[in-house]
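Just so you know, the protein sequences line up as chains G and H, in that order. If you use this note's numbering, the first sequence closes out at 412, no skipped numbers anywhere. If you use this note's numbering, the second sequence closes out at 387, no skipped numbers anywhere.
Source of the hints: derived by calculation from the structure; they are not laboratory data. Incorrect hints may appear among the rest.
As the list claims (entries may be wrong) - So, partial list: chain H residues that the calculated Cβ filter (under 10 Å) puts toward chain G:
hint, residue
1, Phe213
2, Tyr275
3, Phe293
4, Ile297
To be verified - Only pairs whose alpha carbons sit at most 30 Å apart, straight line, appear in this in silico DSS-like list of lysine-lysine:
hint, chain 1, residue 1, chain 2, residue 2
5, H, Lys253, G, Lys412
6, G, Lys250, G, Lys344
7, G, Lys339, G, Lys255
8, G, Lys339, H, Lys194
9, H, Lys341, H, Lys313
10, H, Lys313, G, Lys286
11, H, Lys301, G, Lys406
12, G, Lys286, H, Lys274
13, H, Lys274, H, Lys194
14, H, Lys372, G, Lys286
15, G, Lys295, H, Lys313
16, G, Lys295, H, Lys365
17, H, Lys346, H, Lys372
18, G, Lys295, H, Lys301
19, G, Lys286, H, Lys346
20, H, Lys365, G, Lys286
21, G, Lys295, H, Lys341
22, H, Lys194, G, Lys295
23, H, Lys276, G, Lys286
24, H, Lys253, G, Lys286
25, H, Lys194, G, Lys254
26, H, Lys284, G, Lys295
27, H, Lys313, H, Lys365
28, H, Lys194, G, Lys255
29, H, Lys274, H, Lys253
30, G, Lys344, H, Lys194
31, H, Lys194, G, Lys286
32, G, Lys295, H, Lys372
33, H, Lys385, H, Lys349
34, H, Lys284, H, Lys301
35, H, Lys194, G, Lys256
36, H, Lys385, H, Lys253
37, H, Lys301, H, Lys274
38, H, Lys274, H, Lys365
39, H, Lys365, H, Lys301
40, H, Lys253, H, Lys313
We treat Cβ as the ideally placed atom computed from N, Cα and C, and that holds for glycine.
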Amino acid sequence: MAELDTSGGGKHKGGKVRTKKKATRVDLTAMVDLAFLLITFFILTTTLNKPKAQELIMPDKDDTHQQLPVPETRTMTLLLGAGDRLEWFVGAPGATPPTTIGYGKDQLRKTLVDEDAKIRASHNGQPMIVIVSPSAQSTYKNLVAVMDELNIVDIESRAIVDITPTELGLLKRDGLFK
Amino acid sequence: MPRVKVARKSTAIDMTAMCDVAFLLLTFFILSAKPKTSDPLQAQIPAATVVTVMPEADFSTLEIAHEKVYFNVEGGDVRIKTLEIMGDKYKISFTPEEKTEFSNLESFGVPITSLKSLLAMAPADRDKLNQPGIFVDTTNNNELYDWVHSARLADKYLHDKDLKIGIKGDSQEEYPIFEKVIATLQKQHVDRFNLITAVKTK
Numbered sequence: 235m236a237e238l239d240t241s242g243g244g245k246h247k248g249g250k251v252r253t254k255k256k257a258t259r260v261d262l263t264a265m266v267d268l269a270f271l272l273i274t275f276f277i278l279t280t281t282l283n284k285p286k287a288q289e290l291i292m293p294d295k296d297d298t299h300q301q302l303p304v305p306e307t308r309t310m311t312l313l314l315g316a317g318d319r320l321e322w323f324v325g326a327p328g329a330t331p332p333t334t335i336g337y338g339k340d341q342l343r344k345t346l347v348d349e350d351a352k353i354r355a356s357h358n359g360q361p362m363i364v365i366v367s368p369s370a371q372s373t374y375k376n377l378v379a380v381m382d383e384l385n386i387v388d389i390e391s392r393a394i395v396d397i398t399p400t401e402l403g404l405l406k407r408d409g410l411f412k
Numbered sequence: 186m187p188r189v190k191v192a193r194k195s196t197a198i199d200m201t202a203m204c205d206v207a208f209l210l211l212t213f214f215i216l217s218a219k220p221k222t223s224d225p226l227q228a229q230i231p232a233a234t235v236v237t238v239m240p241e242a243d244f245s246t247l248e249i250a251h252e253k254v255y256f257n258v259e260g261g262d263v264r265i266k267t268l269e270i271m272g273d274k275y276k277i278s279f280t281p282e283e284k285t286e287f288s289n290l291e292s293f294g295v296p297i298t299s300l301k302s303l304l305a306m307a308p309a310d311r312d313k314l315n316q317p318g319i320f321v322d323t324t325n326n327n328e329l330y331d332w333v334h335s336a337r338l339a340d341k342y343l344h345d346k347d348l349k350i351g352i353k354g355d356s357q358e359e360y361p362i363f364e365k366v367i368a369t370l371q372k373q374h375v376d377r378f379n380l381i382t383a384v385k386t387k
């Protein structure tokens, strides 16, 4: 497809030697091919998706001014155990027997929605407070999953609290902590 | 009857415009391309549905996997300043070459006493090295505390912004190490973290 030089140099008249006029058109096919090849390469290698993150806000440990007493009847405690299982109970530990569930949306999310509705009904529409206590054998994935479910269900009052020996005893009894 | 002849057209097309566009796009993609960051720990991050987009600057990442913590802060200038502050604190002086090398270093996990030997290594050897991770416990004077603190100071000094902290943890990592890292951060009143996650649908 290259353009041939068609411009005549003219006849040699009067002995004057003229240089041939060269065509200014260059064949760009190969260059365009190369350019598109490189474009394709760069499109495929660039990672367009930016990293995403889940926000986690912890209460200030030294700020004791704004701590309000929490009514136990409105509090739900989630104990994260081993083997992707967790236990939950409402109220003080030992007051009601804990229930063992998994992290799936038909288990954890359903429980959260149901309990929140129950507590709102019995406490004049006041929302449920959730305390998350991860044990040493729960994984990071479990914590992220729980926080995500709380975000989905839109439970604002929540806290990550260190697990107590009583709660650890409950997990051990039910085989969620070895 | 004479047949109507279709004039033969030249098959050559003027490609100048196409070539211009192609190179314009090429330039754009080359300039916007970021070199792929090496991920020494290869953490498998968990997924979440409710997420925010992370900033690209004024950001520090703590990578946690295999019970080790690696530290990284974005931006070459912030890295150099962080290293200078750390050097002052631990009475180690770094040469300009080491500082330049450090500004190109992605996340690392060595004690500050062996940082000099890490910087002296060739990048290929560095990838092979099994780094021990940055020491972290629940006291006020662990090295991770100082790294995060220095990075925050450096970012405030250079950009006048509050450094955001991201935690990039492996899904299967057990909780105690996160407890230590979070406690370390809370000691310096960093109460907001970004847990770096993948995105999934509800």
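Here is how each hint holds up against the structure:
With its C-beta approaching chain G no nearer than about 9 Å, H:Phe213 sits inside the 10 Å limit, and its interface hint holds. For H:Tyr275, the shortest C-beta to C-beta distance to chain G is roughly 27 Å, which exceeds 10 Å, and the interface hint is violated. Restraint check, H:Phe293 versus chain G: the minimum CB separation of about 19 Å is more than 10 Å; hint violated. At about 26 Å, the closest approach between the beta carbon of H:Ile297 and any beta carbon in chain G exceeds 10 Å, and the interface hint on this residue is violated.
Restraint check for H:Lys253 and G:Lys412: the C-alpha separation of about 23 Å stays at or below 30 Å, so the hint holds. Between the alpha carbons of G:Lys250 and G:Lys344 the distance comes to roughly 97 Å, so the proposed pair goes past 30 Å and is violated. For a cut-off of 30 Å, the pair hint linking G:Lys339 to G:Lys255 is broken: about 77 Å separates their Cα positions. With a C-alpha separation of about 66 Å, the suggested pairing of G:Lys339 with H:Lys194 is violated against the 30 Å cut-off.
Our distance criterion of 30 Å between C-alpha atoms is broken by H:Lys341 and H:Lys313, whose separation comes to about 34 Å. Between H:Lys313 and G:Lys286, the direct Cα distance comes to roughly 28 Å. Compliance with the 30 Å bound is thereby established for this hinted pair. Among the hinted pairs, H:Lys301 with G:Lys406 is inconsistent with the structure: their alpha-carbon atoms are about 46 Å apart, more than 30 Å. A threshold of 30 Å between alpha carbons decides the hint, and for G:Lys286 with H:Lys274 the separation of about 33 Å lies outside it, so the pair is violated.
For the proposed pair H:Lys274 and H:Lys194, the alpha carbon gap of about 78 Å is over 30 Å, so the pair is violated. Of the supplied pair hints, the one linking H:Lys372 and G:Lys286 holds, its CA atoms being roughly 26 Å apart against a limit of 30 Å. This hinted pair does not check out: G:Lys295 and H:Lys313 have alpha carbons roughly 40 Å apart, beyond 30 Å. Annotation: proposed proximity of G:Lys295 to H:Lys365 holds, straight-line Cα distance about 14 Å (limit 30 Å).
About 20 Å separates the Cα atoms of H:Lys346 and H:Lys372, which keeps this hinted pair within 30 Å; it holds. With a CA separation close to 36 Å, the supplied pair G:Lys295 and H:Lys301 exceeds the 30 Å bound. A hinted pair counts as satisfied when its Cα atoms are at most 30 Å apart, and G:Lys286 with H:Lys346 qualifies at roughly 20 Å. A hinted pair counts as satisfied when its Cα atoms are at most 30 Å apart, and H:Lys365 with G:Lys286 qualifies at roughly 23 Å.
Among the hinted pairs, G:Lys295 with H:Lys341 is consistent with the structure: their alpha-carbon atoms are about 23 Å apart, no more than 30 Å. For a cut-off of 30 Å, the pair hint linking H:Lys194 to G:Lys295 is broken: about 81 Å separates their Cα positions. Under the criterion of a C-alpha separation no larger than 30 Å, the hint pairing H:Lys276 with G:Lys286 is inconsistent with the structure, at around 37 Å. Note on H:Lys253 and G:Lys286: the hinted pairing holds, with a Cα-Cα distance of about 22 Å set against a maximum of 30 Å.
For a cut-off of 30 Å, the pair hint linking H:Lys194 to G:Lys254 stands: about 26 Å separates their Cα positions. Distance check on the hinted pair: H:Lys284 and G:Lys295 sit about 36 Å apart at the alpha-carbon level, beyond 30 Å; violated. Of the pairs offered as hints, the one joining H:Lys313 and H:Lys365 holds, with about 27 Å between alpha carbons and a cut-off of 30 Å not exceeded. This hinted pair checks out: H:Lys194 and G:Lys255 have alpha carbons roughly 24 Å apart, not beyond 30 Å.
This hinted pair checks out: H:Lys274 and H:Lys253 have alpha carbons roughly 23 Å apart, not beyond 30 Å. Under the criterion of a C-alpha separation no larger than 30 Å, the hint pairing G:Lys344 with H:Lys194 is inconsistent with the structure, at around 72 Å. The hinted pair formed by H:Lys194 and G:Lys286 fails the criterion: a straight-line CA distance of about 55 Å is larger than 30 Å. Between the alpha carbons of G:Lys295 and H:Lys372 the distance comes to roughly 8 Å, so the proposed pair stays at or under 30 Å and holds.
At roughly 24 Å between alpha-carbon atoms, H:Lys385 and H:Lys349 fall within 30 Å of each other, so this suggested pair holds. At roughly 10 Å between alpha-carbon atoms, H:Lys284 and H:Lys301 fall within 30 Å of each other, so this suggested pair holds. Annotation: proposed proximity of H:Lys194 to G:Lys256 holds, straight-line Cα distance about 22 Å (limit 30 Å). Using a Cα cut-off of 30 Å, the hinted pair H:Lys385 and H:Lys253 holds, with the two alpha carbons roughly 27 Å apart.
Between H:Lys301 and H:Lys274 the CA atoms are separated by roughly 15 Å; this keeps the pair inside 30 Å, and the hint holds. Proximity of H:Lys274 to H:Lys365 is assessed by CA-CA distance (about 22 Å); at most 30 Å being required, the pair is judged to hold. Simply put, H:Lys365 and H:Lys301 have alpha-carbon atoms about 26 Å apart, close enough for the 30 Å limit, and the pair holds. Using a Cα cut-off of 30 Å, the hinted pair H:Lys253 and H:Lys313 holds, with the two alpha carbons roughly 16 Å apart.
Checked against the numbered hints above, the structure violates hints 2, 3, 4, 6, 7, 8, 9, 11, 12, 13, 15, 18, 22, 23, 26, 30, 31; every other hint is satisfied.
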